[in-house]
Structures are given as structure tokens and as C-alpha cells.
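Participant: What the sequence shown shows, in full-length UniProt numbering, is residues 1 to 597, in sequence order.
What the hints contain is simulated information worked out from the structure, not anything from laboratory work. All figures in this text were calculated on a predicted structure; none of them were measured in a lab. The beta carbon of each residue, even a glycine, is placed where N, CA and C say it ideally should be. Heads up, a few of these hints could be off.
Derived CB-CB ranges, DEER-like [stated by the list, open to error]: (1) A11 with R480: 23 to 31 Å; (2) M306 with V17: 53 to 61 Å; (3) A11 with S539: 35 to 43 Å; (4) P312 with G368: 16 to 24 Å; (5) R380 with V543: 53 to 61 Å; (6) P305 with A372: 48 to 56 Å.
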Amino acid sequence: MVESDIATLQALMTQGVLSSQALVRAYLRRVAAYDQQGPALNAIAALHPDALRQARELDAERAAGRLRGPLHGIPVLVKDNFHVAGLPTSAGTLALADWGPGPEAGVVRRLRAAGAVILGKTTLHELACGIINISSLTGQTRNPYAPGRAPGGSSGGTAAAVAGSFAAAGLGSDTSGSIRVPAAANNLVGLRPTRGLASRAGIVPLSETQDTPGPLARSVPDLALLLDAIVGVDADDPATARAARSLPRSFHDALRPDGLAGLRIGVLDALFGTLPGEEDVSRVAYEALAAMERLGASLAGVDIPMLAALLPGSSLTPYEFRHAFANHLAAQGGAPVSGLADILRQGLHHEQLDAVLRQREALRDDDGSGRAAVLRVRNRLRRAVLACMKRHGVDVLAYPALRCRPASIGDVQAGANSQLAAATGMPALSLPAGFTRDGLPVGLELLARDHAEQQLLDCARHWELAMQPRRAPFTTPALRRGRAPAAHRGTLRLQAAGQGSARVRYEIDLPGAVLRFDAAADVQADDAVIALALHAPPSGQAVRGPIVAHLLRGQGRARGTLPLRADLVQALQGPGLELRLYTRRFPLGAAQGALTL
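Modelling step: build the complete structure from the supplied sequences, incorporating the hints.
Facilitator: Here it is, written out as C-alpha cells:
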């Protein structure tokens, strides 16, 4: 059910064309095809052993005329720091690989009550302490748009799985950007709601002050349906008592298709990148804002005094994590470790987290003065943000969720702008803004005043209706007879009179994101091969794009494998990628042809 939205799936079940059981099986086949094979996204921590039973019971309720709501029979995935009955809660650490506490997280109970099938749990950055999604238990999760890159984090497993259509939608948690960063990296919509709107009970904590659950989805209506299901009062989380007073009857039903009309957007230029590697992301974000202006929004450049000084010192996580984690383990019971010190002593964590976890374990704030100082910074920052919005008369602030491309695997992810919402407690939504020149997703974040979730959803809905920014990843195509499609094979022959010839046998493996080739060239005796070069798609006034790779370089025959990028795949599916033979007699190019799918 690639890219199918919840309304479509629900309509098919209403018509009797589809059942929840068939839907679960379809998603399980996609997980089997693409999670550990093909692009090997490694996004699933565990599949629920009772998923089909859940679906069967919900199908029986439907047959009896009992519907719980628009999520009835819809499979969803949940990040593996939420307690789910029937599954362990690892929080991404080997130390908790088989820990099965109870009771179930409040938002998971709400999902079940709304009729959702809990298909399974997704990977996360270990203990939610980072944004590249690596852990001692599950290793590295991969980005479906570029398997050599990270999917963001810490809810990167949910994001990669939803982007790859492993489920209809999913839940993540956000402390300092853990929903919005992976949403940006995976061409999704992701929402950090106002604190207290959804219960934190039953979620392994990172920061009691900054943590919040929230949805990730491929469309705004799907996001709103999940939000409707999870919000509300939970006696196990006192923060929900007050926030629930601001809830509408339904975020989904109140969606407006013209949310950008008349919206006043403050463009926070200070959070746009200008360094090498950042300009392309900034270009996409600014172009998206210009398009929003054409759709009826008004733009104003804004600044927040002291932003650069206040923002870096606004996180409470270093002061709250160690105690919150230990207290949660003790309260739930049955954990094989007592806290962070125990994990570090036994080496039950990934080496890439060693430094940050040791820093958090070593930090002591016995008199609370350090935490109090951060609270003062946060209060100053919140007042500055609200004053800025009032001074400029804007409804929302806008900036890239990530200033940089998703990090290559093994690198550190730079450029996250997500701490602003975490520090102020204000709701923020990341929406798909477009793609970089090499086909990587860019997310635009909108920050609004407390309890303005409906405004954010309306803006994003108008945007997606007008621009249709969602593009499925090429590595997880529709299955054929329950399996990933076979690689496309072909032969390309290049020949020009008197200029030599070349022959390329090739295999394009989309799930594997590779092009395999066997190339040979034949030139006249007084000539020699310089290169058989593959060109990127042209842009602007260029005759052809720049060279991506050499299939031959100075030799007459070679075999090899080239990694595929999203922009190259798009070209292969369209006019093709130009392949051109360069020789000593014809150094500016001789025979040429188009490589296509």
C-alpha cells in the first residue's frame, strides 16, 4: 500500500475491498522486503506478534457494525521508547533489550482505543540521545532517500519506516528535535505539540521538561488523525490536565485548505545556513517561503535579540536525563540495570554515544543551581520570541528544520534548528519544503504560539494541496507479487562514425540504490580512451550536467558499481542520463547515448 493515506485505506475497508488483516500482511511484506534487505533501512526494532490478531478482532468489529473511528484497523508504528504491551521496551540500548515493563504508554492506549493496530516498534538513537539514529542494540538506521545517509533522529526509525510505507503513520517523541529532524530528512510532516497536549506517561524519559510524544506522517490529514487519537487528559501525566482545556473537538475535522491565506510569517534569517553545504538547503527553504507568499501569506524578516547567545545554553537534558532515566527504571521495575552509570560500567552502549553519556553521568547539580540557570535562560528566550512575534505582527516563525543535508553515515549531523521550540515549549511543525539538487529532502519548520496546532496544520495542509511536495523514496518501490521488483537490465551501445564506440551492459537496482555495469570501448589504433563518463542531469542553460562518475578511465573495459542518488534515479526514469565517450582525438566528447530505466 505504497503512499496510501489513511482516508483511502479506510474507504477501501468500508467498501469491503480491503481488510485490516490484509493491510497488516501487506505492510509486513514490505518490511520483509526492505528493512533488512534491499536498502536495508533497519527501521524496525520489533514487530508485534499479535498484529494479525489485533487486525482480525477489528475486522470482526467492523463486520458487526462497530467502528471506533477513522483509525479503525489502520496499522501504525511506535518508537521503541514507548511501553507497548507484548513487546520489550529497549529505548535503543542493549542494556534493555528484553525489558518488558508495564503499564502501556498512555498514548498507545489511546491509539488502541481509536482502533489502530500496533504493528510494531521502530528503532531510535540510543536512549534518544542524538539525531543520527544509531544504537548498541540495532546499529545504524538508514535513510530511504539515500541509504548511505542517516534518517535523522532520535525518531529516525519511525520516520524511515513511514517514508518507506511500512505502516500508515507512526509515533515519535521530541525532546530537542527528535520528531522534526527526521521528518525533515524523510520528506514527512512531523509535529511537536504544546507540552501537555499528549501524555508522556509510559515513555522512557530524556528530559521531563522537554519531552513530548507526537506524530509523523506522509500527509497532513494523516498527521491530524493521529494527533486527534493521542491528545487528552491522562491521570498519569499531570501536565495534561491544563493543556487539554485547549483541545478542539477534532484537529482533522477542523482542517482548512486555505491556511496560508492571510498568514503572517516571520522569516528567521539567523537560522538559515550560509556555509558550504548549507546554501542549497537555504535556497530550497527560501523558495518554499516565496511560494507560500504567492499562496497568500505575507513574509517579514525578523530577528530575535540575543538568540545566538541564549539558544546554546537552553537545554535541560544534561541536568534532567540521569535522574529521570533512573527514576523511570525504578518505577517501572524489572530492569536489568539501575541507570546510566550501570550501562556505562558494563559497556552496554554504542561507542558513538560514549562521550555524551559520560558527560551526562558525570554532571552533578546537587543544589539545583545549574538547572535553575538554564530555566532562566529559557524564560528569557521565550519572552524574546514572543516579543519578536508581537513586534513584527507575525503568526509563525519559519526556518529550515535542518540547515544541512542528512549526515552521511559515520558523520555527525550538523545544523539542527529544533532547540528553539524545545526551549520555548511552543509547538512546531516540520513540513516538506522540497529537495536539494542531489535529491535529498528539506524540511521547513514553522513555530507558533502555545496551543496553535490547528494553525500549523492548516498552513501545512494548504501547502501540500497546492504544491504536492511529497515524493516517495526510490529505494522502496511497490512490491510485485509480494517481492521487491527485480533489477532493470539493459544494454546501451554508443557509436559515431570515425569516433569509436562503446557498449555498456547495466543493471539498475533501485532498492539497493546501485547501478552495476560492464563497459567496453573500442577506438581506432591512433586513438585512446580518456573516459567513458556518466553526466548528471543538466540545469539552467547547460548542454549537459557535470560528470558523476567514470565507467572507464584510460582502459578499454571495466566492471563496477555506482551508488545511485535520488536525482539520478529521477533522470533515469525520465529522459535518461547521458553517457559520453571521451578520447584523445575527441577530448570534448565523441559517441554518446542515454542510460534509462
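Participant: With reference to the structure, classify each hint as holding or not holding.
Facilitator: Hints and how they fare:
For the hinted restraint 23 to 31 Å between A11 and R480, the CB-CB distance of approximately 24 Å keeps it satisfied. Against the hinted window of 53 to 61 Å, the Cβ-Cβ separation of M306 and V17 comes to about 58 Å, which satisfies the hint. Range check, A11 to S539: Cβ separation about 40 Å, and the 35 to 43 Å hint holds. Separation of P312 from G368 is about 21 Å and conforms to the stated range, judged on CB atoms against 16 to 24 Å.
Distance hint check: the CB atoms of R380 and V543 are about 55 Å apart, consistent with the given range 53 to 61 Å. The hinted range of 48 to 56 Å is not satisfied by P305 and A372, whose Cβ atoms lie roughly 23 Å apart.
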